[in-house]
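Using the sequences and the hints, build the whole thing.
So the sequence shown is residues 1 to 164, counted in UniProt numbering.
It is possible that part of the hints are untrue.
[To be verified] Cross-link-like lysine-lysine pairs, in silico, DSSO-like; alpha carbons within 30 Å at most:
#1 K79 / K118
#2 K79 / K8
#3 K118 / K8
#4 K130 / K44
#5 K53 / K8
#6 K25 / K44
#7 K118 / K44
#8 K79 / K130
[Said to hold, decoys possible] Simulated restraints, written as ranges between beta carbons of each label pair:
#9 G3 / Q145: 25 to 31 Å
#10 D36 / I4: 26 to 32 Å
#11 S141 / K25: 36 to 42 Å
Read the hints as simulated data drawn from the structure, not as lab findings.
Where a beta carbon is used, it is the ideal one built from N, C-alpha and C, also for glycine.
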Amino acid sequence: MGGIMYPKIIGALADTSFLVVPALKNDLTGYMERLDTGETVNYKIDWNLVIMKSQQQCLVTLDIFWDDDNITSIGFSNKMWEQLGQIALYPNLLLLPERELIEDTLINPMGVTGFLIKGVDEGLMHLAVKAANISPDLNVSEPMQYLCDILNTTRKIGSMGLLS
1 MGGIMYPKII
11 GALADTSFLV
21 VPALKNDLTG
31 YMERLDTGET
41 VNYKIDWNLV
51 IMKSQQQCLV
61 TLDIFWDDDN
71 ITSIGFSNKM
81 WEQLGQIALY
91 PNLLLLPERE
101 LIEDTLINPM
111 GVTGFLIKGV
121 DEGLMHLAVK
131 AANISPDLNV
141 SEPMQYLCDI
151 LNTTRKIGSM
161 GLLS
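Below, the structure is given as C-alpha cells:
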C-alpha cells in the first residue's frame, strides 16, 4: 500500500456516506476476508491536510492506519471538498472498491461488499480545527477558509463551535 488514492464517486445511503475507490480493491480484499471469517479488523483514522506551498494548493487526506501496520490514504482535491461536507453529516463511511457495488448495497444492504469506517464525522471536525489553525506563512488562508466554511456549514448543531 502506498501513495494517495482518489475516489471516483462520493455519495450517501440511508445513514452512511460512501466512497467508490477502485484503487482500494486489492487493499480491501484482505481486510474483508478477515471480517468474513469473524476476525476483528482494527484501524485508526486521521484526516490530514497536505499543503503544497510552492503551488499554493492543498489536499485533504483520510489516512487509515490498519492493525497490520499498513496505511491507506484517500485524497480529496479542493474540487472535492464540498463532498466532505456531505461525509461530515454521517458517522460512518463505507469504502467500496467497485461502482457496481452501489446497486448491490441498495438491493441488499446486509450483503454489502465494502469496509465500514466509523467515526469519520468527528475526524472531519478535527480537520476543521487543523485548517483554522494553519500558519498564515503558508499562503493558503483562502483555501483553508473555504474548507472551514464547508465543514462548519454541515456540522451538527450542538457539536464543536464555529471555526474560522
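### Task
Against the structure, test the hints numbered earlier, and report the numbers of the ones violated in rising order.
Violated hints: none at all, because every hint is consistent with the structure.
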